[in-house]
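Each chain is listed here by its residues.
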Amino acid sequence: MSLRNKLQKWQAAGVIDAAAVERIMQHEQGSGGLRFVHAMLAIGALAIVLGMAAIISTNWDFIPPAVKLVAHILLNLLLAGGAFYAHQHGRNAAREICLFLLAGFNLTLLALIGQIYQTQSPTWQALTLWLMVISPFLFVLARARFTVVCWCVAFMTTLLTATSILYQFHLLSVVTNFLPLAFLLAGQLVWLRKIWPVWPRIFAAVGYLLLVFSAMTAQMFWRIPLADMTMLAEFPIGLGIFFWPMLVAAGLLMFARHKQKLIALPTSLDLLPVVSVVLIHLPWLFLHPEWPVLGAALFMAYWAFLGWVGVQSGYRWLLSLAVVVISIRLVVVYVEIFGSLLQTGVGLIVSGVLLIGLVLAARKLLRRLVEKAGQAS
Amino acid sequence: MNQRLLFLTGLLLLPTLVLGSLVLKKEYDLSTAKIWRVDIGGYDPRDLLYGHYLDFRINWSWRKDQSKTAACNGAECCLCLEEQGNNLPPVVQAGACDVIKPACPHFVIERDDQSFFDYDHSAVVARDFWQNRSYQYFIPEDSAPELDDYLRDNKHKHSLDIRVTRSGKMKFDELYIDGKPWREFLRAQPPKPAN
Numbered sequence: 001m002s003l004r005n006k007l008q009k010w011q012a013a014g015v016i017d018a019a020a021v022e023r024i025m026q027h028e029q030g031s032g033g034l035r036f037v038h039a040m041l042a043i044g045a046l047a048i049v050l051g052m053a054a055i056i057s058t059n060w061d062f063i064p065p066a067v068k069l070v071a072h073i074l075l076n077l078l079l080a081g082g083a084f085y086a087h088q089h090g091r092n093a094a095r096e097i098c099l100f101l102l103a104g105f106n107l108t109l110l111a112l113i114g115q116i117y118q119t120q121s122p123t124w125q126a127l128t129l130w131l132m133v134i135s136p137f138l139f140v141l142a143r144a145r146f147t148v149v150c151w152c153v154a155f156m157t158t159l160l161t162a163t164s165i166l167y168q169f170h171l172l173s174v175v176t177n178f179l180p181l182a183f184l185l186a187g188q189l190v191w192l193r194k195i196w197p198v199w200p201r202i203f204a205a206v207g208y209l210l211l212v213f214s215a216m217t218a219q220m221f222w223r224i225p226l227a228d229m230t231m232l233a234e235f236p237i238g239l240g241i242f243f244w245p246m247l248v249a250a251g252l253l254m255f256a257r258h259k260q261k262l263i264a265l266p267t268s269l270d271l272l273p274v275v276s277v278v279l280i281h282l283p284w285l286f287l288h289p290e291w292p293v294l295g296a297a298l299f300m301a302y303w304a305f306l307g308w309v310g311v312q313s314g315y316r317w318l319l320s321l322a323v324v325v326i327s328i329r330l331v332v333v334y335v336e337i338f339g340s341l342l343q344t345g346v347g348l349i350v351s352g353v354l355l356i357g358l359v360l361a362a363r364k365l366l367r368r369l370v371e372k373a374g375q376a377s
Numbered sequence: 378m379n380q381r382l383l384f385l386t387g388l389l390l391l392p393t394l395v396l397g398s399l400v401l402k403k404e405y406d407l408s409t410a411k412i413w414r415v416d417i418g419g420y421d422p423r424d425l426l427y428g429h430y431l432d433f434r435i436n437w438s439w440r441k442d443q444s445k446t447a448a449c450n451g452a453e454c455c456l457c458l459e460e461q462g463n464n465l466p467p468v469v470q471a472g473a474c475d476v477i478k479p480a481c482p483h484f485v486i487e488r489d490d491q492s493f494f495d496y497d498h499s500a501v502v503a504r505d506f507w508q509n510r511s512y513q514y515f516i517p518e519d520s521a522p523e524l525d526d527y528l529r530d531n532k533h534k535h536s537l538d539i540r541v542t543r544s545g546k547m548k549f550d551e552l553y554i555d556g557k558p559w560r561e562f563l564r565a566q567p568p569k570p571a572n
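Protein chains in written order, with my numbering: chain A, 1 to 377; chain B, 378 to 572.
Keep in mind the hints are simulated off the structure, nothing from the lab.
Glycine is no exception: its CB is placed at the ideal position from the N, C-alpha and C atoms.
Heads up, some of the hints might be wrong.
Here are a few chain A residues that sit away from chain B, every Cβ distance over 12 Å (derived from the structure) [stated by the list, open to error]: (1) Gly-81; (2) Arg-143; (3) Lys-372.
Estimated spans, in silico, between C-beta atoms of each pair [unchecked claim]: (4) Gln-125/A to Lys-534/B: 55 to 65 Å; (5) Thr-157/A to Leu-401/B: 24 to 34 Å; (6) Ser-398/B to Ile-195/A: 28 to 38 Å; (7) Gln-125/A to Glu-404/B: 14 to 24 Å; (8) Ala-480/B to Leu-252/A: 51 to 61 Å; (9) Lys-534/B to Ala-47/A: 40 to 50 Å.
Please put together the full structure from these sequences, using the hints given.
Put into C-alpha cells, the structure is as follows:
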C-alpha cells in the first residue's frame, strides 16, 4: 500500500486529520527526494573512483611516469582544496563528494606509485597505509553515511586481508570475535555520540550486523563432527577459547549501559550480543557428531529471537524478515537432510504447515501490537 | 589563519604529503641503488601473464659453495650478490642475515609476508626461500597480449634489471627479451598477420 493510501485510510478512520496527511506527505516527499539525490551523488562519486582505478590499471605507456604522478598528486591537491572550500562555505554535498573522491584517489595514487616503482608490497600493507592517511580527515570532516559505511568496509577488509594473508590465525580469531563488540562499544558510548556525529551510529549498526552474521554462520560448524578436541587446532577460527572472554565482554557492555556510559536501549537489544556470543561458540564447546539439524534448529531459534528483538525494540521489519528467513531455512533443511522422495515430500509438507503456522502467528502478534499501540495512544 | 583552519588544512594535506614523501624516498633509493641484471622465468609456465603483470621467479646463479642446508635466521632471509663481469648475472649466496650482512657489500634482504608477526623461519632453507619467491612486474595493458606471446613460446631469454638499495631492498627496473628492452624488442618484431 502506498503512503498516500495508508494516510487516507488513517484519515478515514479518524486517526489523523487532513492537515496532518498533507504535512506528512510534504515531509516524506522532501526527505525521499533528498535521499534519492544523496544516493545518486554517492553512486556518481563511487563510479568516478572506480573509473580512476580502471584508468590507472591500464598502465598507459605513452604518458611518462613522472607526468602521471604529478598529475595525480595535483588532482588530489585540487580535491583537498575543494573539500576545504566547501567545508568553509557550508556546502555539505560538495564537501562530502570531495572527501569521498579524495579518499578514493589516495588509494589510486598508491596503486600508481606501486605500478611505477614496481613495488612488491603485499596488498594489506598498501591498504593499511591508505587507511592511516585518509582516516584523520574523514573522521573529522566526513558526515555522509555512505562514506562512513565505505570506511567501515575498507577497515574490515584491511584487517581481514592482513590477518588471513599473514596466516595469523590467532590474530584473525581475535579480530573476528571481538570486532563486532568493539564496533558496538565505539558506536554506543554516550560521550562519543555527543562529540562525533554520524560515525558512532554506523559503527553500532555494523557491530550488530557482524554479530548477526557470525551467529548465522555458526550453524555451519555443527556440520563438522568435533570428535577430538585436538581438531580445534586445525580450524583457524577455533572459537571455543574465546567463549568466556567474549561473554564477559558482552556482559560488560550491558554493565556499561546500566552505568549509563552507553546510550539507553531496550533490554532486548542488550541481550542480542549475549545470545549471539553463545550461539557463535556453542559448536566449539563440547564434542559432538555431525549435527546439521541442530545447526538448522539453532539458526531458526536465533532468527525467532531476532524477530522478538525487533518487536520489543520497535523494528517491526525485523520480525517480517525473521519470518521470511525462518521459512526459507525450513524448506532448505528438508532438502539438505532427507534423500528419498517420500521423506522429502513429507518433510516439505511438514515445513509448509510450520510455515503457514509461523506466518499466522506473526500476523496475530503484529495485529496485537498495533491494537496495543492504538490503546496506548 | 587560525589554529582550526591550520588543523583542517593539515588533515587534508596529510595523505598527499605522506604519499609524496613515499615517491621522493623511492626516487632517492633508486638513484643510489646498484643495478644488476638477472635472468627470470615464469612462476607458472602455462600462465605467465596475469592481466597487467608478469608473475615470475628469478633464476639465481648460485655460488658453487652455496650450502644446501643453510637456514634463514628468523623471519628475514638474506642474499649476497657478487659481480661476475662480462655482462653475466651476479652469483649469489643465501643465508641468515646475521651471517650474510656483515660480510657482503651488496645484499638483498627480504621478509616473508607470512612471518610479519611471529612466524619463525629458522627451519627454512635459505636457498629454497630465494628460489621459491615469486614477484610481479607491471606492464601496460595494450602491450600485454603481444608480450604474452613472446613469453610463452620459450624461445626467448628473459632478464630483468634489479636495483639493490643500500638497505638491501630490491626494486625492479627494465625488462629485457633476448637482451633488448622489451619495448624495443616488440617494435623490432614483424607485424603479425591479421586473423
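Here's how the hints hold up against the structure:
The non-interface label for Gly-81/A is inconsistent with chain B: the shortest C-beta to C-beta separation is roughly 8 Å, within 12 Å. The non-interface label for Arg-143/A is consistent with chain B: the shortest C-beta to C-beta separation is roughly 14 Å, beyond 12 Å. Against chain B, the non-interface label of Lys-372/A holds: every CB pair exceeds 12 Å, the least being about 50 Å. For the pair Gln-125/A and Lys-534/B, the beta carbons lie near 33 Å from each other, so the given range of 55 to 65 Å is not met.
At roughly 29 Å, the beta carbons of Thr-157/A and Leu-401/B sit within the given window of 24 to 34 Å. The hinted window of 28 to 38 Å between Ser-398/B and Ile-195/A holds, with their beta carbons roughly 31 Å apart. Gln-125/A and Glu-404/B have their C-beta atoms about 20 Å apart, which keeps the hinted 14 to 24 Å range intact. Separated by about 55 Å at the C-beta atoms, Ala-480/B and Leu-252/A satisfy the suggested range of 51 to 61 Å.
Between Lys-534/B and Ala-47/A the beta carbons are some 44 Å apart, a value that agrees with the proposed interval 40 to 50 Å.
Checked against the numbered hints given earlier, this structure breaks hints 1, 4; the rest are met.
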